[in-house]
Amino acid sequence: AQSVTQLGSHVSVSEGALVLLRCNYSSSVPPYLFWYVQYPNQGLQLLLKYTSAATLVKGINGFEAEFKKSETSFHLTKPSAHMSDAAEYFCAAGRGSTLGRLYFGRGTQLTVWP
Amino acid sequence: EAGVTQFPSHSVIEKGQTVTLRCDPISGHDNLYWYRRVMGKEIKFLLHFVKESKQDESGMPNNRFLAERTGGTYSTLKVQPAELEDSGVYFCASSQVTGGGETQYFGPGTRLLVL
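Residue numbers (the numbering used here), protein chains in the order written: chain A, 1 to 114; chain B, 1 to 115.
If you're looking for bench data, these hints aren't it; they were derived computationally from the structure. One thing to keep in mind: the hints can contain errors.
Okay, the calculated bits of chain A under chain B, using three or more residues with CB under 8 Å as the criterion [said to hold, decoys possible]:
no., region
1, 10-24
2, 45-59
Partner residues are not named here, just some residues of chain B that face chain A (Cβ under 8 Å, in silico) [what the hints assert, rightly or not]:
no., residue
3, E42
4, K54
5, D56
6, G59
7, F65
8, G71
9, Y74
10, G101
11, G107
12, P108
Restricting the straight-line Cα-Cα distance to at most 25 Å, the calculated cross-link-like pairs of lysine to any residue (SDA-like) are [as the list claims (entries may be wrong)]:
no., chain 1, residue 1, chain 2, residue 2
13, B, K41, A, L56
14, B, K54, B, R64
15, B, K41, A, T108
16, B, K41, A, G16
17, B, K41, A, A53
18, B, K44, A, Q109
19, B, K54, A, G43
20, B, K44, A, L46
21, B, K54, A, S3
22, B, K41, A, P40
Where a beta carbon is used, it is the ideal one built from N, C-alpha and C, also for glycine.
Between the sequences and the hints, there should be enough to build the whole structure, so can you do that?
Next comes the structure, spelled out in structure tokens:
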């Protein structure tokens, strides 16, 4: 079965600093990968998705993620953190173009200090 | 276009009671999913509808959980009788498969607390 691991349940950065949220997946077949964000008292919002078209995926709000098959990783980055980025971030994987269930990591809570 | 909506947003019930959660998917979306997040753990899949049919219900924890999607529109998830371990956030998601693949769009969730 597929599994998704997010390293670090909490990450804190200063405003303007680099954001790096880590995600690794395990699968014999490269899956479809997603990053979702949940702001306080809101639902999950799609940030970006990898569907094998390009290894570097750009998302909303300045976030991007790079698919690295050799490392089975899909880390999320943003060059300069903003206070409004404070939220919980989820990495998820699905099997293919018709996803069926998604497999989620445990989530990473991002805190941004002024 | 309206997103996925869920009702109620919060529910507090006592052990042994019944609760029914509702999800209205994005109009035209054939796929509807239920997920649950227990505190401190990952979001886990419960089941998947394609229109009114259950495509995959392998994530349902036990027979106290009953999901329906009559007419292939909104869905309900009933928990009867509720137990303490059923507490958590229940998410609904919907999707439609297009040339660009499938993206699941999530609702805000229902926060269920069983006392």
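How the hints compare with the structure:
no., hint, result
1, 10-24, "violated (count 0)"
2, 45-59, "holds (count 4)"
3, E42, "holds, 5 Å"
4, K54, "violated, 12 Å"
5, D56, "holds, 6 Å"
6, G59, "holds, 7 Å"
7, F65, "violated, 16 Å"
8, G71, "violated, 22 Å"
9, Y74, "violated, 16 Å"
10, G101, "holds, 4 Å"
11, G107, "holds, 5 Å"
12, P108, "holds, 4 Å"
13, K41(B) with L56(A), "violated, 29 Å"
14, K54(B) with R64(B), "holds, 17 Å"
15, K41(B) with T108(A), "holds, 11 Å"
16, K41(B) with G16(A), "violated, 30 Å"
17, K41(B) with A53(A), "violated, 31 Å"
18, K44(B) with Q109(A), "holds, 18 Å"
19, K54(B) with G43(A), "holds, 24 Å"
20, K44(B) with L46(A), "holds, 17 Å"
21, K54(B) with S3(A), "holds, 23 Å"
22, K41(B) with P40(A), "holds, 17 Å"
Hints 1, 4, 7, 8, 9, 13, 16 and 17, counting from the list given before, are not met by this structure.
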